[in-house]
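Protein sequences, first through last, are from chains P and S.
When you read off a place in the first sequence, starting at 1, and then add 651, the result is the number in the numbering used here.
When you read off a place in the second sequence, starting at 1, and then add 72, the result is the number in the numbering used here.
It is possible that some hints are incorrect.
What the hints assert, rightly or not - Now the stretches of chain P that chain S is said to cover, found in silico as 3 or more residues with beta-carbon under 8 Å: (1) 670-683; (2) 686-698; (3) 716-726; (4) 729-738; (5) 743-753.
Just so you know, the hints here were simulated from the structure itself, not pulled from any lab data.
Positions of the beta carbon are idealized from the N, C-alpha and C atoms, including for glycine.
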Amino acid sequence: MEILISVMIGVLFTVSTYLLLSRSLLRVVFGTLLLSHGAHLLIITMAGLQRGVSPLLSLDADAYTDPLVQAMVLTAIVIAFGVTSFILVLSYRIYKVHQTDDLEELRGSADE
Amino acid sequence: MSNLVLLPVLLPFITGAILILFYKKRRTQRVISGFSAIGMLILSIYLAYYVYQESVVVLEVGNWPAPFGIVMVADIFATIMLILSSIVGAACLFFAFQTISKEREKTFFYPFYFFLLTGVNGAFLTGDLFNLFVFFEVMLIASYVLIVMGGTKYQLRESFKYVIINMFSSALFLIAIAYLYSITGTVNMAHLGERVAELEQTGIVTVVAVFLLIVFAVKGALFPLYFWLPRSYYGPPAPIAALFGGLLTKVGIYAIIRMFTLVFNHDVAFTHKGIITVLAGFTMLFGVLGAVSQFDFKRILSYHIISQVGYMVMGLGIYTPIAVAGAIYYIVHHIIVKSALFLFAGATERITGTTDIKQMGGVLKTHPYLAWMFFITALSLAGIPPLSGFFSKFPIIVSGFEEDQHIIAGVALLVGFLTLFSMVKIFQYTFWGEQKHTEEQAKIPAGKMLLPTVPLVALTIILGLAAEPIFQYSMDAAQQIMDPSIYIESVLRGNE
């Protein structure tokens with residue numbers, strides 16, 4: 652299971668790198684989105700995947716899922732959510748002001 | 073009594089939250105934020121005094137014992153950084169009262185200013201790697217808003233790059249934390265230090281160490297990841313640029329110094345003397361070459377941030393107590409001087425209406441105080457005795473020669489020379505020569521604007537003249553962080 656997820660994380664990172672290097676504003680934003688998804692999945696996977704038990708440790712429990720990573724990944728997701736919504740608004744403003752969503756055309760305008 | 077450690081985080085946070093409620097009332101916002109900034113300064117000095125008596129003060133949040141709960145740790149190094157952040161925070165705030173536009177004041181400038189300080193102070197105090205990530209994000213989100221505030225074409229374009237680069241490095245930070253957690257099973261820094269020592273820092277741990285170095289190098293603007301800095305710091309107005317230039321990159325440097333003295337200190341030959349020293353050399357050289365080639369006041373200063381970040385990291389790379397003490401002293405000197413210079417750039421911009429030094433001239437005649445205060449600070453930046461710049465570069469370069477790191481020490485000397493060159497260039501173009509601004513502009517009073525910078529200029533003189541006790545203080549801080557067992561013992565076993 653860990654191997655499968657690791658391969659998936661690898662694919663996510665590859666796709667996000669491709670998107671980050673593209674010319675469209677929105678694709679770059681999607682690139683960061685996928686990158687943070689990959690990072691979140693990696694945190695969950697790195698602690699070891701456990702099936703069929705809850706992240707609660709009681710005295711008679713013989714197995715449990717690591718609760719710390721779940722707490723961490725929840726925090727990270729919330730942060731990524733906030734930053735993503737910010738950058739979506741930012742890209743919209745850039746599109747409105749510059750009248751383009753092509754990063755190549757944004758470069759070196761004579762407004763400095 | 074250890075609850076005191078949390079106050080430098082809580083005070084700006086609560087202030088920021090209260091300020092949101094008064095976002096339309098400029099006067100109320102100014103009164104609240106002014107008092108809060110001064111309160112923070114007093115608090116951080118008291119905390120530094122308290123910590124100096126007690127060695128290391130630890131707060132276990134929610135009374136969860138150390139490796140399980142989040143800890144806030146204040147040692148001497150952290151409290152030095154806290155004092156600096158509150159000094160610069162107060163100075164830039166009072167400068168903002170004079171210069172910031174009404175629109176910014178009414179669009180949540182002050183709340184985000186304090187949220188930024190919350191993140192910065194939290195990053196200095198936390199003793200937990202994941203919590204460090206969270207405070208980094210608090211700081212970064214506030215900085216995204218502050219850097220784009222105003223929404224000009226230039227700002228929008230540059231802050232998009234700034235946000236993307238920082239999001240990318242935050243994702244790398246998460247990945248590094250995930251790897252480190254799977255290797256050691258903990259994210260508490262003291263516990264990490266202990267576990268990594270048990271593992272004797274084998275290959276894979278060093279890989280993660282370099283991974284974390286990359287993350288902090290992006291935030292701290294080290295070679296080759298500094299390219300975002302000069303363009304994005306050019307956009308925002310002077311008080312914000314001064315706060316960013318003085319404080320933000322130094323949070324990355326603080327994290328590097330913290331991680332590479334506390335946790336990853338077992339493979340010094342490779343990580344410190346190899347990678348970090350080489351990076352420091354290139355950072356200094358390319359930063360200063362960038363500054364020499366520019367003719368824009370703010371851009372020159374931004375490139376100098378990069379070159380001086382190199383000195384701090386060089387002190388860590390040499391890794392003797394004197395060199396690390398020099399690095400700490402250099403951070404103190406740099407934060408104060410760099411913020412002051414950015415504020416002077418803001419004041420000259422207000423007078424002449426431009427930041428291009430070729431279009432300025434003769435400011436010395438119309439605004440002599442501004443010119444001479446800039447002159448003192450610029451000399452201090454270049455490292456002329458008896459100002460603070462000299463006494464902070466001196467221990468770093470001397471220990472470079474003592475440790476037979478001749479090349480890096482030579483580079484540092486050359487960079488000091490080029491710094492002097494570009495500072496004199498600014499002075500020559502801006503303050504000397506024929507007056508290029510109009511008579512109306514010459515009548516703009518600079519006195520009120522300069523008032524907040526007076527303490528900063530005074531501090532750089534004091535730090536130079538009273539170098540002995542202040543160097544001793546940085547030496548205490550350096551010895552404390554060079555001996556990680558003090559930190560680890562106080563966090564894991566308690567210091568009752």
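- Message: Is the coverage entry for the region 686-698 of chain P by chain S consistent with the three-residue Cβ rule at 8 Å?
- Response: holds (count 10)
- Item | Cβ contact check, 8 Å cutoff: the region 729-738 of chain P against chain S, three residues minimum | It holds: at least three residues are needed, and the region 729-738 of chain P offers 5 whose Cβ sits within less than 8 Å of chain S.
- Taking a Cβ-to-Cβ distance below 8 Å as contact, does the region 716-726 of chain P have at least three residues touching chain S? Contact hint for the region 716-726 of chain P vs chain S: holds, 4 residues under 8 Å.
- Task: Between the region 743-753 of chain P and chain S, see if three or more residues pass the 8 Å beta-carbon test, and mark the coverage as holds or violated.
- Result: holds (count 4)
- Query: Counting residues of the region 670-683 of chain P with a beta carbon closer than 8 Å to any beta carbon of chain S, are there 3 or more?
  - Reply: With 4 residues closer than 8 Å to chain S, the region 670-683 of chain P meets the three-residue bar; holds.
Going down the numbered hints, you'll see the structure goes against none, and every one checks out.
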